[in-house]
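In the order they appear, the protein sequences are chains A and B.
Quick note: the first sequence uses our numbering, first residue 2, plus one each step.
Quick note: the second sequence uses our numbering, first residue 2, plus one each step.
For the record, the hints were derived by calculation from the structure and aren't laboratory data.
Treat each hint with caution, since some may be false.
No copy is singled out in the list; a pair is fine if it fits within one copy or between any two copies.
What the hints assert, rightly or not - Subject to a maximum C-alpha distance of 30 Å in a straight line, what follows is the list of computed DSS-like cross-link-like pairs (lysine-lysine):
(1) K132 with K146
(2) K33 with K146
(3) K33 with K105
(4) K33 with K86
(5) K95 with K146
(6) K86 with K105
(7) K105 with K79
(8) K95 with K79
(9) K33 with K95
Here is what each chain is made of, one letter per residue.
Number of protein chains: 2
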Amino acid sequence: MTPNDPLTFEVFNEIGIIQQLTSTAFAAVLPKGMTTAQFGILNHFVRLEHDTRSPAQLASAFQVTRPTMTSTLARLEKSGLVTIKPDPDDGRGKLVALTSAGRKMREECLQRLSGPIADAHTVLSQETLAKLRPLLKEVRERLDKLRD
Amino acid sequence: MTPNDPLTFEVFNEIGIIQQLTSTAFAAVLPKGMTTAQFGILNHFVRLEHDTRSPAQLASAFQVTRPTMTSTLARLEKSGLVTIKPDPDDGRGKLVALTSAGRKMREECLQRLSGPIADAHTVLSQETLAKLRPLLKEVRERLDKLRD
DNA sequence: TCTATATAGTTCGATATCAAACTAAATGGA
DNA sequence: TCCATTTAGTTTGATATCGAACTATATAGA
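All chains, full assembly: derive it from the sequences and hints.
See the structure below:
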């Protein structure tokens with residue numbers, strides 16, 4: 002972010018712009034009312050084969066604050082895509098679960114996202130992506146440690 | 002974003018999380034009321050040695066929509082960090098310029114940001130960043146072309 | 001010249017996000 | 001047992017962001 006350190010600045014700058022371009026492109030093809038944040042949550046349950054997750058676990062998984070997760074989950078519940086029930090084992094906690102509508106919505110999103118993903122494939126080589134992955138993983142993990 | 006293509010999904014996923022971690026870390030050290038979006042605009046004028054820029058040029062430089070730029074510029078103007086005047090050569094246009102307060106604010110932000118940047122240095126090797134930069138630049142440029 | 005189209009900017013309504021401050025429940029120690 | 005601390009979740013108020021729809025000006029073509 003500073004002229005003192007153009008390399009660090011540029012890397013984070015590129016990351017910011019790429020993130021914006023991709024999330025906008027993905028959002029554009031999602032069904033009316035769906036967002037990438039909401040899709041991410043639906044997808045999370047299926048990918049990791051979780052039946053229930055607490056809002057706090059989800060917030061941690063997506064690196065967002067608990068108020069943010071409260072807000073997004075409320076919208077998903079309102080749309081009938083998840084259920085939110087009290088945790089029987091912890092009076093403070095809640096348990097979030099996918100509904101069948103949530104599963105269907107996740108499937109539909111996947112189908113629609115295949116378009117932009119295919120587009121990305123036409124311009125990005127697997128080779129570039131394969132090189133990027135371990136580097137990004139390293140950066141993400143180290144930045145994550147820094148937060149503590 | 003899809004299980005059909007774990008590599009593409011993972012790369013964009015890592016990018017999203019890194020972006021979130023860094024922008025939150027940067028925002029935390031900025032002066033009260035300042036944001037990374039606002040700092041980015043102040044910094045843009047100084048880095049590229051521009052006296053004036055139109056809102057449309059700024060929106061394009063930061064890859065955000067014009068309504069977004071309208072909103073952020075209005076806040077900067079309210080804080081006295083930029084001026085916004087009609088473009089004498091184009092009745093539709095406006096010209097944005099830094100004020101001296103804007104310059105000072107940019108300097109202060111730079112100083113405060115040196116902390117997190119230094120922290121990043123302690124955990125990220127120059128080597129990793131040097132490898133990342135050209136790869137990210139390539140991805141960003143190709144995605145950018147895809148938008149047209 | 002006139003009209004159609006393109007561009008600059010704004011307004012509106014929505015979602016995502018954060019920090020700060022709050023309530024309620026669990027936990028741990030004296 | 002009781003109180004202090006921690007943890008889960010929410011509420012509030014703010015900024016950033018988008019798409020859609022709007023106004024005003026510029027430009028190009030007939």
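Exercise. With identical chains treated as interchangeable, where does the CA-CA distance between K95 and K79 reach 30 Å or less: within a copy, between copies, both, or neither?
Worked result: For K95 and K79, only the intra-copy Cα distance (16 Å) is at most 30 Å; the inter-copy one is 42 Å.
Problem set entry | Copy assignment of K33 with K105, given that the CA separation must stay at most 30 Å | within (14 Å within a copy, 44 Å between copies)
Exercise. From the Cα coordinates, with 30 Å as the cut-off, is the pair K86 and K105 best called within, between, both, or neither?
Worked result: Within one copy, since 21 Å is at most 30 Å while 51 Å is not.
Problem set entry | Status of K146 relative to K132 across identical chains (alpha carbons, at most 30 Å) | both (23 Å within a copy, 21 Å between copies)
Exercise. For the identical chains here, do K33 and K95 meet the 30 Å Cα criterion within one copy, between copies, both, or neither?
Worked result: Classified as within: same-chain Cα gap 28 Å, cross-chain 34 Å, threshold 30 Å.
Problem set entry | Intra- versus inter-copy proximity for K79 and K105 (alpha-carbon distance at most 30 Å) | This pair counts as within: shortest intra-copy Cα distance 16 Å, inter-copy 46 Å.
Problem set entry | Status of K146 relative to K33 across identical chains (alpha carbons, at most 30 Å) | between (37 Å within a copy, 26 Å between copies)
Exercise. When no copy is specified for K95 and K146, does a C-alpha distance of 30 Å or less occur within a copy, between copies, both, or neither?
Worked result: Answer is within: at 27 Å inside a copy they meet the 30 Å cutoff, but 44 Å across does not.
For this session: Indicate which option fits the pair K33, K86 if close means a Cα-Cα distance not exceeding 30 Å: within, between, both or neither.
Result: Intra 26 Å, inter 38 Å, cutoff 30 Å: intra-copy only.
Violation of the numbered hints given earlier is absent; every hint is satisfied by the structure.
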